[in-house]
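Visitor: Chain by chain, the residues run as shown.
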Amino acid sequence: GAVVSQHPSWVICKSGTSVKIECRSLDFQATTMFWYRQFPKQSLMLMATSNEGSKATYEQGVEKDKFLINHASLTLSTLTVTSAHPEDSSFYICSASLRGRGGMTDTQYFGPGTRLTVL
Amino acid sequence: AQTVTQSQPEMSVQEAETVTLSCTYDTSESDYYLFWYKQPPSRQMILVIRQEAYKQQNATENRFSVNFQKAAKSFSLKISDSQLGDAAMYFCAHISNFGNEKLTFGTGTRLTIIP
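Residue numbers (the working numbering), protein chains in the order written: chain A, 52 to 170; chain B, 1274 to 1388.
It is worth saying that the hints were derived from the structure and are not from the lab. You may find that some hints are simply not true.
Using 20 Å as the maximum straight-line C-alpha spacing, the simulated SDA-like pairs for lysine to any residue come out as follows [as the list claims (entries may be wrong)]: (1) B:Lys-1375 to A:His-136; (2) B:Lys-1375 to A:His-58; (3) B:Lys-1375 to A:Leu-149; (4) B:Lys-1375 to A:Phe-118; (5) B:Lys-1375 to A:Thr-133; (6) B:Lys-1375 to A:Glu-114; (7) A:Lys-92 to B:Lys-1346; (8) B:Lys-1375 to A:Asn-102; (9) B:Lys-1375 to A:Val-62; (10) B:Lys-1375 to A:Ser-105; (11) A:Lys-106 to B:Lys-1375.
Isolated chain A (complex conformation) (with noise of 0.2 Å):
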């Protein structure tokens, strides 16, 4: 159980296009998912938070502009990358709120990622 899928796992794209990156909770309806970032050999930042129906919350530093969030329900989030520049290439992970029983906090669970290479 707990299962969340990312797609595609891998993207080339031109300088100047935008590209979609698809986040979905298979096995259960996620309160809450979050995008990552990831760089080499570092840690995972996080870009934003989604909820179903409304606004993510994006961390400080993250353009809103650039990274549009979408979460169209409590099984799917989509991260679109617009107008991509090499400087946005990089390790992007998915993860999804499971909400934990008897008052137990929520644990997330992560997508295995999408590595975006722009040319």
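Start from chain A and add chain B according to the hints.
Guide: Chain B alone, transformed into the frame defined by chain A:
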């Protein structure tokens, strides 16, 4: 703000031996949760173990166990009978139980298993 510190960038252990990864954290809250996540070369983040701060008993999951010292704000991970498949980056993480669902990660420890 919460911080999580992993002071060991790299660790290595002989196959079948035991290794302990260190983690300390700083928080002003009394109710929170701690996690260890594993990131193998595939880069898939995998939940290894979780600990509720209000529980004194240390969490265990098969060969993985933690030593949770709340007063010292320490949360180490012990891996027994190390296997080649345990080779990965290990991240310690903290989350508050007061509505802020953000995970705070440590910088990670790269674990190498020596055959």
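Visitor: Hint by hint, note whether the structure agrees.
Guide: A quick look at each hint next to the structure:
Proposed proximity of Lys-1375 (chain B) and His-136 (chain A) is contradicted: the alpha carbons are some 28 Å apart, above 20 Å. For the hint linking Lys-1375 (chain B) to His-58 (chain A), the alpha-carbon distance of about 23 Å lies beyond 20 Å, and the restraint is violated. Between the alpha carbons of Lys-1375 (chain B) and Leu-149 (chain A) the distance comes to roughly 13 Å, so the proposed pair stays at or under 20 Å and holds. A distance of roughly 19 Å separates the Cα atoms of Lys-1375 (chain B) and Phe-118 (chain A); the hinted pair therefore holds under the 20 Å criterion.
At roughly 25 Å between alpha-carbon atoms, Lys-1375 (chain B) and Thr-133 (chain A) are farther apart than 20 Å, so this suggested pair is violated. Simply put, Lys-1375 (chain B) and Glu-114 (chain A) have alpha-carbon atoms about 19 Å apart, close enough for the 20 Å limit, and the pair holds. The hinted pair formed by Lys-92 (chain A) and Lys-1346 (chain B) fails the criterion: a straight-line CA distance of about 26 Å is larger than 20 Å. Proposed proximity of Lys-1375 (chain B) and Asn-102 (chain A) is supported: the alpha carbons are some 13 Å apart, at most 20 Å.
Annotation: proposed proximity of Lys-1375 (chain B) to Val-62 (chain A) is violated, straight-line Cα distance about 27 Å (limit 20 Å). About 17 Å separates the Cα atoms of Lys-1375 (chain B) and Ser-105 (chain A), which keeps this hinted pair within 20 Å; it holds. At most 20 Å may separate the alpha-carbon atoms for a hinted pair to count; Lys-106 (chain A) and Lys-1375 (chain B) meet this at roughly 16 Å.
When each numbered hint is compared with the structure, violations occur for hints 1, 2, 5, 7 and 9.
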